[in-house]
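Spelled out, the chains give:
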Amino acid sequence: MRAGGARWSLPARGSRMADAVLFEFLHTEMVAELWTPDPDPGSGGPEMSPSVLESVGFRVGQALGERLPRDIPAFREELDVLKFLCKDLWVAVFQKQMDGLRTNHQGTYVLQDNSFPLLVPMASGLQYLEEAPKFLAFTCGLLCGALHTLGFQSLVTASVAALPACKFQVVIQKS
Amino acid sequence: MSRQANRGTESKKMSSELFTLTYGALVTQLCKDYENDEDVNKQLDKILFSNFLPRGYNIGVRLIEDFLARSNVGRCHDFRETADVIAKVAFKMYLGITPSITNWSPAGDEFSLILENNPLVDFVELPDNHSSLIYSNLLCGVLRGALEMVQMAVEAKFVQDTLKGDGVTEIRMRFIRRIEDNLPAGEE
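Those protein sequence lines, which keep their order, are chains A and B.
Position one of the first sequence corresponds to residue 1 (this note's numbering), numbered consecutively onward.
Position one of the second sequence corresponds to residue 176 (this note's numbering), numbered consecutively onward.
Careful, some of the hints might be misleading.
To be verified - As a list, the in silico DSS-like pairs of lysine-lysine whose alpha-carbon atoms are at most 25 Å apart:
# : chain 1 : residue 1 : chain 2 : residue 2
1 : A       : K83       : B       : K187
2 : B       : K267      : A       : K96
3 : B       : K187      : A       : K87
In short, the hints are calculated from the structure, not lab data.
Could you put the whole structure together from the sequences, leaning on the hints where they help?
See below:
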């Protein structure tokens with residue numbers, strides 16, 4: 001199973017529309033299926049290896065990073081790429097733009113979504129706060145994967161102070 | 176950056192690519208999880224089979240509420256009507272395709288959905304060592320779960336699959352029985 005396998009002709013972009021709720025339900029089932037402590041904590045240390053959900057998100061992000069920017073002029077700077085994530089990627093995945101983007105101009109970015117769609121149905125406030133990280137891992141991987149395709153190594157983490165708002169912190173790794 | 180699409184209760188449409196890619200990544204991950212051990216590898220397709228049906232079933236159980244709330248479809252009076260709603264309303268709404276309905280059994284309790292372009296398999300090819308994998312099996316679980324919530328016990332299974340070289344993808348639907356109202360949910 002290879003994304004982008006050459007044997008299948010790619011459908012014209014936007015030709016076929018699926019309903020967003022389908023992705024939402026599939027995501028919920030993925031969380032239920034894959035959210036476990038790391039299956040292989042022995043290698044690489046338990047803290048450093050990304051969770052399974054993150055790696056699934058990473059793979060999807062990689063593919064989206066390839067397919068989405070086709071109509072967009074080449075990125076010149078790091079900030080352009082982050083803007084792409086906040087606008088185009090977020091719209092493609094969640095049908096809305098990111099609400100805020102901040103940076104310290106040293107490779108650290110904070111992407112803020114005030115009503116993150118995967119958290120919206122759960123609660124408004126502190127209820128289920130402990131469950132929230134499960135529903136962010138896939139998206140962290142997604143951002144990291146898209147950045148990877150666009151040429152940036154990064155560490156992406158997410159935090160939630162109160163549902164359904166959340167922040168994604170992106171740290172670009174300088175080589 | 177603060178513009179926010181607020182489309183109220185209107186359904187949110189997205190390119191089916193995201194769903195397709197996510198599903199593909201999930202299948203790939205599960206294949207990888209079970210790949211470690213040679214013996215387990217032989218069981219892979221069976222494991223995936225038993226994994227996806229309940230997952231799809233869970234999705235179906237929830238999807239039916241979304242569907243009924245948005246589609247204004249009432250109770251179906253027979254299985255033919257059900258087939259029409261599934262193909263022309265539900266598949267259209269969620270996957271953007273309209274399968275054709277064929278091969279009715281004489282008794283009217285079985286039919287086939289022919290999917291000419293299954294969005295789940297865009298970008299997919301089955302490697303040789305997974306040639307028996309029923310890749311889109313999630314759909315069967317979704318159909319079964321959704322119909323069970325409207326008191327219909329059905330069997331859904333893939334009998335043809337373009338991923339395996341068949342000309343079309345065919346899901347065979349079989350009506351088993353009507354679930355009586357007074358049974359607790361989930362009892363069979």
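Exercise. For this structure, which hints from the list above don't hold up?
Worked result: none
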